[in-house]
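Dock chains B and C against the given chain A, drawing on the hints supplied.
Quick mapping for you: the protein sequence lines, in order, are chains A, B and C. Sequential numbering from 1 applies to the first sequence in the working numbering. Sequential numbering from 477 applies to the second sequence in the working numbering. Sequential numbering from 751 applies to the third sequence in the working numbering.
Hint data in this document are derived by calculation from the structure and do not stem from the laboratory. Among the clues, some could well be false.
Derived lysine-lysine pairs resembling DSS-like cross-links, with alpha carbons at most 30 Å apart [claimed, not checked]:
| hint | chain 1 | residue 1 | chain 2 | residue 2 |
| --- | --- | --- | --- | --- |
| 1 | B | Lys531 | A | Lys147 |
| 2 | A | Lys325 | C | Lys974 |
| 3 | B | Lys585 | A | Lys446 |
| 4 | A | Lys147 | A | Lys72 |
| 5 | C | Lys800 | A | Lys311 |
Label-pair ranges, simulated between beta-carbon atoms [said to hold, decoys possible]:
| hint | chain 1 | residue 1 | chain 2 | residue 2 | range |
| --- | --- | --- | --- | --- | --- |
| 6 | A | Ala241 | B | Gly501 | 38 to 48 Å |
| 7 | C | Thr949 | A | Glu300 | 25 to 35 Å |
| 8 | A | Ala336 | B | Gly598 | 34 to 44 Å |
| 9 | C | Lys1056 | A | Ala336 | 23 to 33 Å |
| 10 | C | Thr796 | A | Lys17 | 23 to 33 Å |
| 11 | B | Val750 | A | Pro8 | 35 to 45 Å |
Quick look at which bits of chain B chain A covers, simulated, 3 or more residues with Cβ under 8 Å [to be verified]:
| hint | region |
| --- | --- |
| 12 | 593-606 |
| 13 | 737-750 |
Since the structure is predicted, the reported quantities are computational estimates derived from the model, not experimental observations. All C-beta atoms in this analysis are idealised placements derived from N, C-alpha and C, irrespective of residue type, glycine included.
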Amino acid sequence: MFEYAPAPESRSVVDIKPSYGLFIDGAFVDPADGGSFKSVNPASEEVLAEIAEGGSQDVDRAVRAARKAYEKVWGRMPGRDRAKYLFRIARLIQERSRELAVLESLDNGKPIKESRDVDIPLVAAHFFYYAGWADKLGHAGFGPDPKPLGVAAQVIPWNFPLLMLAWKIAPALAAGNTVVLKPAETTPLTALLFAEICQQADLPAGVVNIVTGAGETGRTLVEHPGVDKVAFTGSTDVGRAIARAVAGSRKKLTLELGGKAANIVFDDAPVDQAVEGIVNGIFFNQGHVCCAGSRLLVQESVADQVLESLKRRMAQLRVGDPLDKNTDIGAINSAAQLARIRELTEAGAAEGAQRWSPPCELPERGFWFAPTIFTGVTQAHRIAREEIFGPVLSVLTFRTPAEAVEKANNTPYGLSAGIWTEKGSRILWMADRLRAGVVWANTFNKFDPTSPFGGYKESGYGREGGRHGLEAYLNV
Amino acid sequence: MSERVAVRKTYKLFIGGKFPRSESGRSYIVQDSNVSLASRKDARDAVVAARAAVKGWAGAIAYNRGQILYRVAEMLEGRREQFVALDVPGAEVDAAVDRWVWYAGWSDKLSQVYGGANPVAGPYFNLSAPEPTGVVAVVAPEAPALLGLVSVIAPAIVGGNTVVVAASPAAPLAAVTLAEVLATSDLPGGVVNILTGRLPETVPALAAHMDVNAIDLTGVTDAELAAELEVKAAENLKRVLRPVAADHDWSADPGLGRMTALLETKTVWHPKGV
Amino acid sequence: MTATATSARSDLSELGRSETALRTFLHGLPGVDQVGAEQRAAQLGTRSIKTTAKAQAIDLAIRMVDLTTLEGADTPGKVRALAAKALRPDPADPSCPHVGAVCVYPLMVPYVAEVLRGSGVHLASVATAFPSGQAPLEVKLADTRAAVEAGADEIDMVINRGAFLAGRYSEVYDEIVATKQACGDAHLKVILETGELATYDNVRRASWLAMLAGGDFIKTSTGKVPVAATLPVTLVMLEAVRDFRAATGRQVGVKPAGGIKTTKDAIKYLVMVNETVGPDWLDPDWFRFGASSLLNDLLMQRTKLKTGVYAGPDYFTLD
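Chain A on its own, in the form it takes in the complex (with noise of 0.2 Å):
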């Protein structure tokens, strides 16, 4: 047998302090009522640090210091002036990527070769891309001189702490905004490394604050007055609420939410390639991905082939250390979403579908979760229906493509889609009648700060990426 030996990333490249402050106005502070939280190592239960927990007046301060910033500093400075300062951030987030990515990992729980392959030089590449809109805004296709909105307020998730910052902060940078962001509870150590590249970048004071804290001090920025903008990614009941939030307001409001992909899978299918689109779908990340492919749609002809490359291909996926960089699936992000992960399966193999998982070892301290399928699953399974935002995948079965059709759209979200098949003709059909923001056609999971992403009904509103990406940050 050849056993790969241990290959686990240095953690040396990183230097957590014991505890971080908020970062308002170019500079970290306590938090007024100084209340904290722990970030934890969802791989070993380990504290990381002590974060400030931001309260009212903490959010208050930081709007107005955002607000003072776009009003005297960042809204008026030339964009070509804008752009290089976001151009040098992305130098930055290159020239630390390695940091960056450790840091990552142990924060979230991610394997190092998806922080340090795909997460950070996304990372890098959206701020490069926005960069260059900055002195550019007049040929987006919003008129010839479209205005910033002013204080955006950024709200985003632990499952790509990170990106999901760039996604949000770059945009609003370029357009001439200042913002206030809240990095997820459980993972908010790369945005305070964040707002050290900014003062390393020399970013005027008060264009990015980051306010840590948990459900509380999200809700109190985005319904703060002070702001112009709300920006959301999570889940979709809290999009909900802040939609509720905000409505009468002049606030104006882009929701990026849940989601339960199909990844369809036709009996002409590059199989080799769909499996291994399966498997990235619905494991990447350890299926903490909105737009993941958690139900598998395969065509009846072949779904006994299918499963079979499938269960073979899950045997040969590595669980455990995020540091290995032989690791394939890391840990859940925390104890509340192994709960939640484990609550839905429970209540898949007791509505009656078959788990499988492969034999694989988990750790003992920490949060892990054994890749999954459920076969013989239906429409009406909470497994079919409900996010469950973890390596758990629903297959179902279909004969025809406008059944195919009508089980993916059968859902209140729609996010994403699949489609494996290597008859063009079928995937523009196909394509054509997915009610999804993003489909994926002959591979899965692919991002690029290029190009829109975004969900239809209950997925949420607003485009990030691309020239449509500019649309939620300016006046238009």
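Frame of chain A; chains B and C shown alone:
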């Protein structure tokens, strides 16, 4: 010799291409005419009709949709005097006709202007194109009675959405007369549905309806009602167009905003290989 | 897989009898998406193989090397030296395993055979008008028989790429069958020359064609055209042998050849074997590297692991 007794028009609702009375059997009087007073049930029926029409209308080729919108302009031009008789100024009718013509031309240009190829960093074909969001509830502005109405319906339907319009309670006659124009314009039944009556009765039902994808609150003048409708709309995350300012200039170039606010962007990826 | 797994085993042996059946079968194999296959290969290439795993991989890779010289300038002296190296790759370290085989032209076979006799190192000869294969069938078969008679126990034949690309699958099939017969007891490796097949779909079809016709190994390249072995091509071939065994019960080996020069490259291939077809193929009987300069890099890395000191080329023999 007695004067000829005129045949009066009954102003009814416009649902699914037909002109039913309100199922509630109620009416109210505007400009000396009885107008149907739509109920929540009528609103629901209108949503069903609008949903049923989505597949055909969204799936129609853009050229076809453009021709139908242009046909609406032709029909409206021909009925100019009917609107003038309802106290719509002739210049407003002309502007409304021109607005149909303007939007008609957009049907097969939106995808080119609002979509396009994205140069992703990899061997992929990547294309973004706008698509209709589905069923849109529209609260028409009170004034100008015809131009305002046309200015909210045309941008919603040109991209392939279907609409349920709550006509201005103060100006329902122009709305029903416009429905007659639409009914004779090759527009498939259900693409535009028009409810007359009281906004507080029908609009909250539309705002809360889980099979409506977007709501245009343009004609809501009561800020509190607007906020309440927005809260209801949040339940299924409807796309929301907020009310316009009271002094909104309806004769100005409308721009793309009203169309794009009711469109989704779909991005399709495919590898490039041999 | 759709075509293979659903076909009964007996059906496959009948395929070669009809051009139509063969074509229908090969064109019914699932397609290969180039981008997806290349990405999978690249991902496997990011595995980090260190310490004990690396030591294990290096020794395995040495045992899998088909130490090759295929030059017009080859002489008895040259190939004897090569054969000696095959037996004792690192004269300074008796724990170093011998390679899998020595691979030479037919004329050189007798000289190599003298050295290898009884050693367990196989003797491979290219044949069938290698590398182009552009000779009459009788000449190719005579070439094969001569090599076997001279002592080769493995024959590396080339397929008729022209016939394959023109869609004359039966012709290719029949040649392989005939060559296999000419081999007698010798193992037959079928060189697809994937660099000339242009697409992964063709690589998959050619792999199946070669296996259906009785090849014991499928091999990527002659090393004589610009594009030789690549990770994605080998991935597609590994998938083919995996599916072929599932369909027929017969295991076929895989040999990437040409362009594999470093230990790092070799380990990427072993990782790919491990994660695509599993331990059954992690054996010199089922996986070989057609290479020449690779061996010295493996030896250098092996010494580095043992001594902790980076070696230099002067310390390894250049035969």
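Hints versus structure:
For the hint linking Lys531 (chain B) to Lys147 (chain A), the alpha-carbon distance of about 37 Å lies beyond 30 Å, and the restraint is violated. Among the hinted pairs, Lys325 (chain A) with Lys974 (chain C) is inconsistent with the structure: their alpha-carbon atoms are about 36 Å apart, more than 30 Å. At roughly 28 Å between alpha-carbon atoms, Lys585 (chain B) and Lys446 (chain A) fall within 30 Å of each other, so this suggested pair holds. Between Lys147 (chain A) and Lys72 (chain A), the direct Cα distance comes to roughly 15 Å. Compliance with the 30 Å bound is thereby established for this hinted pair.
At most 30 Å may separate the alpha-carbon atoms for a hinted pair to count; Lys800 (chain C) and Lys311 (chain A) meet this at roughly 27 Å. Our hint of 38 to 48 Å for Ala241 (chain A) and Gly501 (chain B) holds, since their Cβ atoms are close to 40 Å apart. Checking the proposed 25 to 35 Å range against Thr949 (chain C) and Glu300 (chain A) shows it holds: the Cβ atoms sit about 30 Å from each other. Checked against the hint of 34 to 44 Å, the C-beta distance between Ala336 (chain A) and Gly598 (chain B) comes to roughly 35 Å, which is consistent with it.
Against the hinted window of 23 to 33 Å, the Cβ-Cβ separation of Lys1056 (chain C) and Ala336 (chain A) comes to about 49 Å, which falls outside the hint. In this structure, Thr796 (chain C) and Lys17 (chain A) meet the distance hint of 23 to 33 Å, their C-beta atoms being roughly 31 Å apart. Taken as a hint, the range 35 to 45 Å holds for the pair Val750 (chain B) and Pro8 (chain A), whose Cβ atoms sit roughly 39 Å apart. Counting residues of the region 593-606 of chain B whose CB falls under 8 Å from any CB of chain A gives 8; the rule of at least 3 is met.
By the rule of at least three residues with a Cβ nearer than 8 Å to a Cβ of chain A, the coverage given for the region 737-750 of chain B holds, with 8 such residues.
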